[in-house]
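Protein sequence lines correspond, in order, to chains A and B.
Reading the first sequence from the start, the letters are residues 1 to 100 in this note's numbering.
Reading the second sequence from the start, the letters are residues 1 to 223 in this note's numbering.
No lab work stands behind these hints: they were computed from the structure.
Treat each hint with caution, since some may be false.
[Claimed, not checked] As a list, the in silico EDC-like pairs of lysine to aspartate or glutamate whose alpha-carbon atoms are at most 16 Å apart: (1) B/K44 x B/E33; (2) A/K5 x A/E89; (3) A/K44 x B/E99; (4) B/K84 x B/D171; (5) A/K44 x B/D171.
Owing to the predicted nature of the structure, the values given are computational and were not obtained by experimental measurement.
Spelled out from the first residue to the last, the chains are:
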Amino acid sequence: MTTAKFEPGERVRVRAVRQPGHVRTPNYVRGQTGRIERFLGAFKNPESLAYGGSGLPEKPLYKVGFRQTDLWDGYAGRTQDTLYVDLYEHWLEPARKEAR
Amino acid sequence: MSGTHHDLEEHGHNGVKPSAEAWRYAARIRAIEALLVEKGVLTKEDVRRQIEYMESRSPASGARLVARAWVDPGFKALLLSDTKAAALELGIDASGPVEFVTVENTPEVHNLIVCTLCSCYPRAILGRPPDWYKSFGYRSRAVSEPRAVMREFGLEISKDTKVAVHDSSADVRYLVLPMRPPGTEGIDEEQLADLVTRDCLIGMSVPRFEDVRASVPSPPIWS
Numbered sequence: 001m002t003t004a005k006f007e008p009g010e011r012v013r014v015r016a017v018r019q020p021g022h023v024r025t026p027n028y029v030r031g032q033t034g035r036i037e038r039f040l041g042a043f044k045n046p047e048s049l050a051y052g053g054s055g056l057p058e059k060p061l062y063k064v065g066f067r068q069t070d071l072w073d074g075y076a077g078r079t080q081d082t083l084y085v086d087l088y089e090h091w092l093e094p095a096r097k098e099a100r
Numbered sequence: 001m002s003g004t005h006h007d008l009e010e011h012g013h014n015g016v017k018p019s020a021e022a023w024r025y026a027a028r029i030r031a032i033e034a035l036l037v038e039k040g041v042l043t044k045e046d047v048r049r050q051i052e053y054m055e056s057r058s059p060a061s062g063a064r065l066v067a068r069a070w071v072d073p074g075f076k077a078l079l080l081s082d083t084k085a086a087a088l089e090l091g092i093d094a095s096g097p098v099e100f101v102t103v104e105n106t107p108e109v110h111n112l113i114v115c116t117l118c119s120c121y122p123r124a125i126l127g128r129p130p131d132w133y134k135s136f137g138y139r140s141r142a143v144s145e146p147r148a149v150m151r152e153f154g155l156e157i158s159k160d161t162k163v164a165v166h167d168s169s170a171d172v173r174y175l176v177l178p179m180r181p182p183g184t185e186g187i188d189e190e191q192l193a194d195l196v197t198r199d200c201l202i203g204m205s206v207p208r209f210e211d212v213r214a215s216v217p218s219p220p221i222w223s
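From just these sequences and the hints, can you work out the full model?
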């Protein structure tokens with residue numbers, strides 16, 4: 001059983017790196033800060049699976065919520081509108097406290 | 001169920017022609033398939049079985065899950081906590097490596113499903129996604145301006161309701177449990193299921209009781 005490093009409610013920042021290959025972290029959330037909604041389980045790593053690798057060790061996967069108004073300039077909607085993206089743990093780092 | 005484009009072609013409208021681009025992709029897929037078979041990675045039989053599997057899935061299965069959840073609180077709890085187990089209870093086999101999560105619409109939250117990276121969709125339950133779901137237009141705009149996109153489909157979400165967009169970027173497929181429309185207290189489970197269209201199951205529409213017999217406007221087509 002893979003243990004989850006982050007707890008629901010915890011603020012995390014998505015690593016802002018450019019990485020070639022089969023990466024399941026959408027560009028639009030890289031470098032953005034969100035909140036862990038829930039742990040989804042551990043899954044084989046798609047970055048290895050896509051190239052014939054074993055995908056092991058499995059990577060913890062989280063549902064991470066982002067405020068839409070944080071993601072898009074001039075977002076036309078309500079401030080509570082949320083975008084949820086499923087992200088693997090190795091793409092996440094703890095957000096600094098002052099980053100709201 | 002195969003999408004608007006095909007219907008147009010079959011009915012002989014002159015404006016729609018198969019594009020050279022589409023033929024190129026079809027030829028490429030056939031070449032890849034032939035190579036995979038030649039190298040023994042898969043067989044023609046595997047391909048046929050997979051096509052049959054996909055064609056045996058249908059939005060009607062999703063509608064049955066929703067209707068049961070509306071009439072049975074215990075089943076609803078199971079659907080929200082373990083979608084695969086709930087599906088199995090109705091004889092719907094969603095087994096496989098991907099997980100399923102059902103998100104519930106409430107007066108406070110409206111859920112919309114997208115896959116910005118490709119076209120991940122709850123296929124093991126609903127079958128193939130509609131063409132618009134796979135278009136670049138939908139995939140980019142559903143995340144950045146979901147309310148405008150839903151409005152174009154005829155769905156206006158109240159300002160008091162939070163819009164939650166789920167980008168199925170990894171190993172989880174999302175399904176929406178819509179709200180039971182008012183005025184449906186007297187109708188049975190099967191009739192309830194008839195109210196739940198494919199688009200309701202991914203949040204692009206909501207079940208409407210009074211609209212059942214009315215014609216449904218065509219969705220916009222993005223190229």
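Evaluated hints:
{"no.": "1", "hint": "B/K44 x B/E33", "verdict": "holds (9 Å)"}
{"no.": "2", "hint": "A/K5 x A/E89", "verdict": "holds (8 Å)"}
{"no.": "3", "hint": "A/K44 x B/E99", "verdict": "holds (12 Å)"}
{"no.": "4", "hint": "B/K84 x B/D171", "verdict": "holds (14 Å)"}
{"no.": "5", "hint": "A/K44 x B/D171", "verdict": "holds (9 Å)"}
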